[in-house]
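Chemist: First to last, the protein sequences are chains L and H. Heads up: the first sequence is residues 1 to 355, going by our numbering. Heads up: the second sequence is residues 356 to 468, going by our numbering.
For the record, the hints were derived by calculation from the structure and aren't laboratory data. Ideal placement from N, C-alpha and C gives every residue a C-beta, glycine not left out. Worth double-checking, as some hints may not be accurate.
Non-contacting residues of chain L with respect to chain H, defined by C-beta distances greater than 12 Å in every case (computed) [as the list claims (entries may be wrong)]:
#	residue
1	E134
2	R135
3	A185
4	L339
Capping the alpha-carbon separation at 25 Å, the derived lysine to aspartate or glutamate pairs in DMTMM-like fashion look like this [what the hints assert, rightly or not]:
#	chain 1	residue 1	chain 2	residue 2
5	L	K120	H	E395
6	L	K197	H	D404
7	H	K463	H	E387
8	H	K463	L	D260
9	L	K120	H	E397
10	L	K197	H	E395
Reference listing, derived: stretches of chain H covered by chain L, where coverage requires no fewer than 3 residues with Cβ under 8 Å from a Cβ of chain L [unchecked claim]:
#	stretch
11	358-370
12	382-393
13	437-450
14	454-466
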Amino acid sequence: MCTTCGCGKGEARIEGAHEDAHADGTVHGHPHDHAAPHAHGHGSGHHDHQHGHVHEHRHAEGVVHSHPHDHSDAHGHGHGHGHHDHGHDDLHFGRGPAGAHAPGLSQARIVQIEQDILGKNDALAADNRRRFAERGIFAVNLVSSPGSGKTTLLVRTIEGLKGRYEVVVIEGDQETSHDADRIRATGSKALQVNTGKGCHLDADMVGKAVERLAPPAGSVLMIENVGNLVCPAGFDLGEAHKVVVLSVTEGEDKPLKYPDMFRRSSLMLLNKVDLLPHVEFDVAKCVESARRVNPAIRVIEVSATKGQGMADWLAWVEQGVAAASAARTESVHALRARLAELEEQVAALKSRLCG
Amino acid sequence: MHEMALAESVIQIVEATARRNAAVAVRAVWLEIGRLSHVEPEALRFAFDVVKRNGLAHGARLEIVATDGAAWCMKCSRTVALARLGDACPSCGSYQLQVSAGDEMRVKEIEID
Chain L
1 MCTTCGCGKG EARIEGAHED AHADGTVHGH PHDHAAPHAH GHGSGHHDHQ HGHVHEHRHA
61 EGVVHSHPHD HSDAHGHGHG HGHHDHGHDD LHFGRGPAGA HAPGLSQARI VQIEQDILGK
121 NDALAADNRR RFAERGIFAV NLVSSPGSGK TTLLVRTIEG LKGRYEVVVI EGDQETSHDA
181 DRIRATGSKA LQVNTGKGCH LDADMVGKAV ERLAPPAGSV LMIENVGNLV CPAGFDLGEA
241 HKVVVLSVTE GEDKPLKYPD MFRRSSLMLL NKVDLLPHVE FDVAKCVESA RRVNPAIRVI
301 EVSATKGQGM ADWLAWVEQG VAAASAARTE SVHALRARLA ELEEQVAALK SRLCG
Chain H
356 MHEMALAESV IQIVEATARR NAAVAVRAVW LEIGRLSHVE PEALRFAFDV VKRNGLAHGA
416 RLEIVATDGA AWCMKCSRTV ALARLGDACP SCGSYQLQVS AGDEMRVKEI EID
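Taking the hints into account, I'd like the entire structure generated from these sequences.
Modeler: Shown next, in the form of structure tokens:
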């Protein structure tokens, strides 16, 4: 994010299509420094620009790689780098406000807006939710502080569900693809979304990642959000549930310190319970704190590394998958019924035309 | 700093509305931010000052109207005031509360030229 003009909110990027590219290691990010603003044509040097965006290149051999570009107007114009020449579908997250100065005078007026600030994100999340419902995909948004053990938990979850459900993973981190690499080592499909300077995933990023991942019908989509107990709370991704992971090496009063996250989560996984004999952590107090901000929150104590409580967690996931499939079957039935009804009407109209 | 992302959404809504109304400048922006929402008004002000530059709202003043929190108390079977998430019902002391107001974040209106 450019703190001078506010254009661009970071260098969010989604990994390229690595499934085929990983074999020969041809997924790569090229940081470029451009000496020009992205939107050319306005006066040079009047402010600093930083545009974060991803250029995707699809080569003849089907290799996809992405280039995050940093533009800085501070270097002046005349770089001659035709990044638009690539002509490929760019992923832009966080375009800055348009710079339009219109001269003239008129009377001041009040315009009522009454619009939710997160309305756009919520609409995109609703699109994601509809897509998940159509395919009977059970989507979970995993949130926590950094270091609570989300990725280990995910790896063990994938292993636990192996042979029954396909688990597809979206990994959100500011930088690196370490977590997605860990997931891919299990044989599951995973896509890393780097948010750059962003502190949370949003519905747009998830929608684009889902397009690329194409999770199969009846699968489980685990979205590992950026490790942060504050910002991801407000951004609906279209998930069926938020699941907050809290480890016993953290404070038991975290639900009270970060009430938004706990209020919006359906389930709290209390992780690393195998360490309880070695740490000062009052489980009852922690659960009480969580219920103070969310009386309905469910709590499962787990140890991802030692396996304790994992069966309960996996059962919770299976229930979710069953509910998603049931809802899909219902909607398929409803669509079939509607189709039959329409076909009848068409047949009736046709016979009237012919008659 | 999700306030930056929120400020960008505000600016998008404000500029789109301003353009639709053929405005030449935005003088003021009124937001309604609930006291129970996950927004720090000062951080939002800072972010707004950053993102408003070079647009129709570059000279706009930000007015934040804070709305009070309220919750439905299941024990009292009525709506009660709630100052903070995690607080108890002020009349019965129960935590069986369902937030009913004060977590909204809205762009209310703008004043344009």
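Chemist: According to the definition I'm using, a residue is off the interface if its beta carbon is farther than 12 Å from all beta carbons of the partner; does L:L339 meet that for chain H?
Modeler: holds, 38 Å
Chemist: Far enough from chain H: is every CB of that chain over 12 Å from the CB of L:E134?
Modeler: holds, 27 Å
Chemist: Just to be careful, I want the Cα atoms of L:K120 and H:E397 compared with a cutoff of 25 Å; is the pair within it?
Modeler: Cα-Cα ~23 Å, so holds.
Chemist: Holds or violated: are the alpha carbons of H:K463 and H:E387 at most 25 Å from each other?
Modeler: The hint holds at about 6 Å.
Chemist: Would you mind confirming whether the straight-line C-alpha gap from L:K120 to H:E395 stays at or under 25 Å?
Modeler: Status holds; Cα separation ~21 Å.
Chemist: Quick one: work out the minimum CB distance from L:R135 to chain H and report holds if it exceeds 12 Å, violated otherwise.
Modeler: holds, 28 Å
Chemist: Are there three or more residues in the stretch 437-450 of chain H whose C-beta lies closer than 8 Å to some C-beta of chain L?
Modeler: holds (count 5)
Chemist: Cut-off 8 Å, C-beta pairs, minimum 3 residues; does the coverage of the stretch 358-370 of chain H by chain L stand?
Modeler: holds (count 12)
Chemist: Has the given pair, L:K197 with H:E395, been kept, meaning a C-alpha gap of at most 25 Å?
Modeler: holds, 19 Å
Chemist: Quick check: the stretch 382-393 of chain H, covered by chain L? Criterion 3+ residues, Cβ under 8 Å.
Modeler: With 4 residues closer than 8 Å to chain L, the stretch 382-393 of chain H meets the three-residue bar; holds.
Chemist: For the pair supplied as a hint, H:K463 and L:D260, confirm whether the alpha-carbon distance does not exceed 25 Å.
Modeler: holds, 23 Å
Chemist: Within the assertion that chain L covers the stretch 454-466 of chain H, do at least three residues meet a Cβ-to-Cβ distance smaller than 8 Å?
Modeler: Holds, because 9 residues of the stretch 454-466 of chain H bring their Cβ atoms closer than 8 Å to Cβ atoms of chain L.
Hint compliance for this structure: no hint is broken.
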